[in-house]
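Residue numbers (UniProt numbering), protein chains in the order written: chain A, 1 to 248; chain B, 1 to 248; chain C, 1 to 248; chain D, 1 to 248.
Honestly, the hints are just simulated from the structure, not real lab data.
Hints are all accurate, no fakes.
Each computed EDC-like pair below joins lysine to aspartate or glutamate, with the alpha-carbon atoms no more than 16 Å apart:
no.	chain 1	residue 1	chain 2	residue 2
1	B	LYS124	C	ASP247
2	C	LYS139	D	GLU171
3	D	LYS139	C	ASP168
Number of protein chains: 4
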Amino acid sequence: MIKVSVIGAKGRMGGNVVNAVNQADDTELALALDAGDDLTQVNPDNTDVAVEFTVPSVALDNVLALIGQGVDVVVGTTGWTDEKLDQVRKALAEAPRADQAVFIAPNFAISAVLADYFAGLAAKYFESAEVVELHHPNKVDAPSGTAIHTAHTIADARRATGLGPMPDATETDGGSRGQVVDGVHVHAVRLRGLNAHEEVLLGNAGEQLTIRADSFDRGSFMPGVLLAVRNVSAHPGLTIGLDKFLDL
Amino acid sequence: MIKVSVIGAKGRMGGNVVNAVNQADDTELALALDAGDDLTQVNPDNTDVAVEFTVPSVALDNVLALIGQGVDVVVGTTGWTDEKLDQVRKALAEAPRADQAVFIAPNFAISAVLADYFAGLAAKYFESAEVVELHHPNKVDAPSGTAIHTAHTIADARRATGLGPMPDATETDGGSRGQVVDGVHVHAVRLRGLNAHEEVLLGNAGEQLTIRADSFDRGSFMPGVLLAVRNVSAHPGLTIGLDKFLDL
Amino acid sequence: MIKVSVIGAKGRMGGNVVNAVNQADDTELALALDAGDDLTQVNPDNTDVAVEFTVPSVALDNVLALIGQGVDVVVGTTGWTDEKLDQVRKALAEAPRADQAVFIAPNFAISAVLADYFAGLAAKYFESAEVVELHHPNKVDAPSGTAIHTAHTIADARRATGLGPMPDATETDGGSRGQVVDGVHVHAVRLRGLNAHEEVLLGNAGEQLTIRADSFDRGSFMPGVLLAVRNVSAHPGLTIGLDKFLDL
Amino acid sequence: MIKVSVIGAKGRMGGNVVNAVNQADDTELALALDAGDDLTQVNPDNTDVAVEFTVPSVALDNVLALIGQGVDVVVGTTGWTDEKLDQVRKALAEAPRADQAVFIAPNFAISAVLADYFAGLAAKYFESAEVVELHHPNKVDAPSGTAIHTAHTIADARRATGLGPMPDATETDGGSRGQVVDGVHVHAVRLRGLNAHEEVLLGNAGEQLTIRADSFDRGSFMPGVLLAVRNVSAHPGLTIGLDKFLDL
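Chain A on its own, in the form it takes in the complex (with noise of 0.2 Å):
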């Protein structure tokens, strides 16, 4: 049994992690705290994995204090910068435990991760890609932090294999080509009663490739959560997404 501790257990997101552990085979909950517990009581003897799962403004802080508590940790905040990477590598050479682990996924829907990762495997074969992400009209962000690193992912595979830019004739626009994130046009569609949704197309003369992942509801991260928290123990050091995770 992986014993495991969620910070931000009164979130919605950490909410949802702590049913998710209670009701795996082989996880169990130790502590779950949220905005003002002491996370000092957070220990090896109490706890394999910490959660992490609260706001931008106080996960490095969180993060580092667990560092140092000597546990490791799954961290489903985001807004993670270079500098607080750094800071979390630096934490982590100098941990109570030489194999100590941290882990940070900018998504963990499954389906969202597979989308990315096929993406770059496809893009490299098409003339065309572009990225078109839909999602509920709450989001203050437009596109999402998804969609830009989708259309990364597309733009790196471009370019390892040597093509140039896309085929565009486009002459007059007043705006609706969308976004041009690193060479690769995404767009942002917000309708009431959608979630989280992604979709990459891919072109050549004649045919299409299409790969869409939905994510439906907050619960669609949970497997993800769970996979992350039975391997980050095996992956000594700082890794960053759930595709290194997946046997691909």
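With the hints as your guide, set chains B, C and D onto chain A.
For chains B, C and D alone, kept in the frame of chain A given last:
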């Protein structure tokens, strides 16, 4: 048998019309004319309906000449402004025959016309609506005229029923939210392998309605052209839009 | 304010109706009853409209009792045969009030009702039409009642316009072509993560029209239930189908 | 320059191959042969690779003859049984050149090959998976060979990871659930206007992954044929499946 003359017969669309007229059971080809040919050859003795598929720069002159010749006209060329349409109406008022008819359609694909019409019927029942059009990468304008038309159709329906602005919490965006046409977000994708496609997305809490029209090749316009040829003479004056000839 | 009593208030759908009635500006909850409760509590003094969401085995008795109590009824329970509907009509003819009304809908999702209606309008213009429905894997019947209804809608439209059988050269098939309902091929997908979805595919040479309705959760039915509650009393007698209350 | 001879050059696919070979920068047409032509004209002096696109009844004889002539062969004709493949392997073992190569692909559309490959990678991470293939209505077999192949790909991946049967509570069905191929439900749609399309649907609680390959016309196969022509000679012996030549 309806006697049909094709103006612009050597063009890609015109050539398709010639074939379609030859193949249909109830139409026969009268004259196949192109740039440089004398339109005074077209007259009520040899022609019931002239089909005009040329280029915007000459279409108005052609239509006015054909009205003067006393034949009904089906027009597939695009680029009609209100001023040009007024000149057509004026010419019809002074036409040789009292019941003369001109029909202009921005789009002859029945699937596209129905998608636009259904979008108008549905729009008043949904909180959110956006339009995504997808075309081959040789298209010079974005978004498509059809998508702009559909955006106005949706906006008109929302106004008529008193719906306010759609929900949208977007605070930061680098252009991914597309072009706002009459309050409706319109997105344009350009992808090798595609021809002409439009998707209307409508959303309420917990539900989505999607209406998609795919035109895979120019052949897709011929049923609409024949429908217009068969119906134009029963509708004296100027008629705009294939939906007028559909039994909806 | 429309006074609404909910029958089956402890069920999943009924509970959603209670919430929706409480939240809407123009409705208020009168009684929330469930199995074992006495329906004679419901009467014109406390209730304008009763909403019946129970199970097929008791729905007819409930509706007959409510008619006898002199209130209008909106019914969401399924399983209505011609015989049962005749009993409702007979009870309405002998009801306490001359203008009493009962409304029964096989589906309260507006997107699904519109998809069915649009399929009927479009079907006469296309050579081919098939229906694909997709649901969660706990559903016991296949295909869905909604898909069967849509197949009949398409078949009726084709018959009315004189269209013959659809083109289909299939010679060898082990069952992949689905179930033929009134001449229309219907396919049923069962997939974890889905709720209730229907896709109508219509095809001509060179073009396709796709109409898709997605119901992501039970909340998607509430706008339709409220629409029925607001309209039922203006339609004396038995009315079947939410499209009757849409302005199409 | 790779010297390419086309066998079946007057057929629809063969004619497309002739054009593709003429247009590519690194290939040149050697011989264009069809039924009745003498295959002994093809030899290592004039031909590096022979492309065989004929009909199942003559393909084996053609391939054996071409092996005897000492040239490498790319085969697009379908209908290969284990017995026929064994004859090819035997002929290769006795071929004039020790490193002679034959490549057979059931599908040359890169999008379709990638969809099948991605389905195999993803299948182990999802509870549910079904396949929907959609084709023009002149196709005589259902489901398509490609869909059957994808069903086996999914089933193999599930077996390898120990996944049991997919969830499915269906109790009553008149055939709408499609054909079960190796435990995977496969559905076949036939629609005028379509060419060859396949959709793989994968579902978990709260999420869905969709992979769709569209082949709009025969031109879509040419990039795959050229890829095979360029790679076949570096793979002595018999190779089956375009994925072997993709860098995945």
